[in-house]
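Student: Input sequences plus hints: build the corresponding full structure.
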Amino acid sequence: GAVVSQHPSRVICKSGTSVKIECRSLDFQATTMFWYRQFPKQSLMLMATSNEGSKATYEQGVEKDKFLINHASLTLSTLTVTSAHPEDSSFYICSARVLAYEQYFGPGTRLTVT
Amino acid sequence: AQSVAQPEDQVNVAEGNPLTVKCTYSVSGNPYLFWYVQYPNRGLQFLLKYITGDNLVKGSYGFEAEFNKSQTSFHLKKPSALVSDSALYFCAVREANDYKLSFGAGTTVTVRA
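First to last, the sequence lines map onto chains L and X.
Under the numbering used here, residues 104 to 217 are what the first sequence spells out, in order.
Under the numbering used here, residues 3 to 115 are what the second sequence spells out, in order.
Calculated directly from the structure, the hints in this document are not laboratory data.
Note that beta-carbon positions come from the ideal geometry of N, C-alpha and C, so glycine has one too.
Careful: at least some of the hints might be erroneous.
To be verified - Here are the simulated DSS-like cross-link-like pairs (lysine-lysine), alpha carbons at most 30 Å apart as the crow flies:
1) L:Lys117 x L:Lys169
2) X:Lys102 x X:Lys79
3) L:Lys167 x L:Lys117
4) X:Lys102 x X:Lys24
5) L:Lys144 x X:Lys51
6) X:Lys102 x L:Lys169
7) X:Lys102 x X:Lys51
8) X:Lys60 x X:Lys79
9) X:Lys71 x X:Lys24
10) X:Lys71 x L:Lys123
11) X:Lys102 x L:Lys167
12) X:Lys71 x X:Lys102
13) X:Lys60 x L:Lys144
14) L:Lys117 x L:Lys158
15) X:Lys79 x X:Lys51
16) L:Lys144 x X:Lys102
17) X:Lys102 x L:Lys158
18) L:Lys158 x L:Lys123
19) X:Lys60 x X:Lys24
20) L:Lys123 x L:Lys144
21) X:Lys51 x X:Lys24
22) X:Lys71 x L:Lys169
23) L:Lys123 x L:Lys167
24) L:Lys144 x L:Lys167
25) L:Lys144 x L:Lys117
26) X:Lys24 x L:Lys144
27) L:Lys169 x L:Lys144
Unchecked claim - Each pair of labels, with its calculated beta carbon distance range:
28) L:Gly156 x X:Thr54: 44 to 54 Å
29) X:Tyr41 x L:Thr217: 19 to 29 Å
30) X:Gly31 x L:Ser186: 22 to 32 Å
31) L:Gln145 x X:Ala3: 42 to 52 Å
32) X:Gln73 x L:Lys169: 16 to 26 Å
33) X:Asn43 x L:Asp168: 24 to 34 Å
34) X:Ser72 x L:Thr217: 33 to 43 Å
Tutor: Following this line, the structure appears as structure tokens:
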């Protein structure tokens, strides 16, 4: 089946630094990947849609200069949280679109900014 | 605009009893409906989907869901719950011509032994 991986699974960084999270489709090519943010015991909030070879489309209220998304290949999308602050601490989940209907989700990355 | 409502924050059942997790949706066109399960500190696992066809959809781990167009519902069911079914369940919807998923707030299921 379609497998999506994320790296790292957990990261702790200091306030003001930048953190990069990778999302890979392991056994298929994904022209579209999605990045979500999830707060404790809350639903997933779509941050942006990442299309291979083009600029990401950000949802309203998401700062594109803070959350940099790059989809350089058909199997890799990256999310970089720039100048991280404690309020950026969250669980970040990516997904990849498979066929026309389904999204397969990565295991998530827990970001803690101290 | 599309949206999903999961009216129950928590569902508690005894092992062996039937489990139902409720979901209602709102879309402007034909809905594509999904159920996902999430275990602590993990991503979402796909359970089942409704695109078209039979209103009763069977999925992974013995779960099934019934699409009811008149009631705009897509409730998740399992005839006999297991302790290992304890997790957070999300219902999601998208319109046929859009790839974006909208998620419900989630329902925490606790199955007691």
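Student: Decide, hint by hint, whether the structure agrees.
Tutor: Hints and how they fare:
no. : hint                           : verdict
1   : L:Lys117 x L:Lys169            : 16 Å, holds
2   : X:Lys102 x X:Lys79             : 25 Å, holds
3   : L:Lys167 x L:Lys117            : 21 Å, holds
4   : X:Lys102 x X:Lys24             : 21 Å, holds
5   : L:Lys144 x X:Lys51             : 23 Å, holds
6   : X:Lys102 x L:Lys169            : 22 Å, holds
7   : X:Lys102 x X:Lys51             : 15 Å, holds
8   : X:Lys60 x X:Lys79              : 10 Å, holds
9   : X:Lys71 x X:Lys24              : 14 Å, holds
10  : X:Lys71 x L:Lys123             : 43 Å, violated
11  : X:Lys102 x L:Lys167            : 18 Å, holds
12  : X:Lys71 x X:Lys102             : 21 Å, holds
13  : X:Lys60 x L:Lys144             : 27 Å, holds
14  : L:Lys117 x L:Lys158            : 28 Å, holds
15  : X:Lys79 x X:Lys51              : 13 Å, holds
16  : L:Lys144 x X:Lys102            : 21 Å, holds
17  : X:Lys102 x L:Lys158            : 17 Å, holds
18  : L:Lys158 x L:Lys123            : 17 Å, holds
19  : X:Lys60 x X:Lys24              : 16 Å, holds
20  : L:Lys123 x L:Lys144            : 24 Å, holds
21  : X:Lys51 x X:Lys24              : 15 Å, holds
22  : X:Lys71 x L:Lys169             : 41 Å, violated
23  : L:Lys123 x L:Lys167            : 14 Å, holds
24  : L:Lys144 x L:Lys167            : 25 Å, holds
25  : L:Lys144 x L:Lys117            : 24 Å, holds
26  : X:Lys24 x L:Lys144             : 18 Å, holds
27  : L:Lys169 x L:Lys144            : 24 Å, holds
28  : L:Gly156 x X:Thr54: 44 to 54 Å : 31 Å, violated
29  : X:Tyr41 x L:Thr217: 19 to 29 Å : 26 Å, holds
30  : X:Gly31 x L:Ser186: 22 to 32 Å : 41 Å, violated
31  : L:Gln145 x X:Ala3: 42 to 52 Å  : 20 Å, violated
32  : X:Gln73 x L:Lys169: 16 to 26 Å : 41 Å, violated
33  : X:Asn43 x L:Asp168: 24 to 34 Å : 29 Å, holds
34  : X:Ser72 x L:Thr217: 33 to 43 Å : 52 Å, violated
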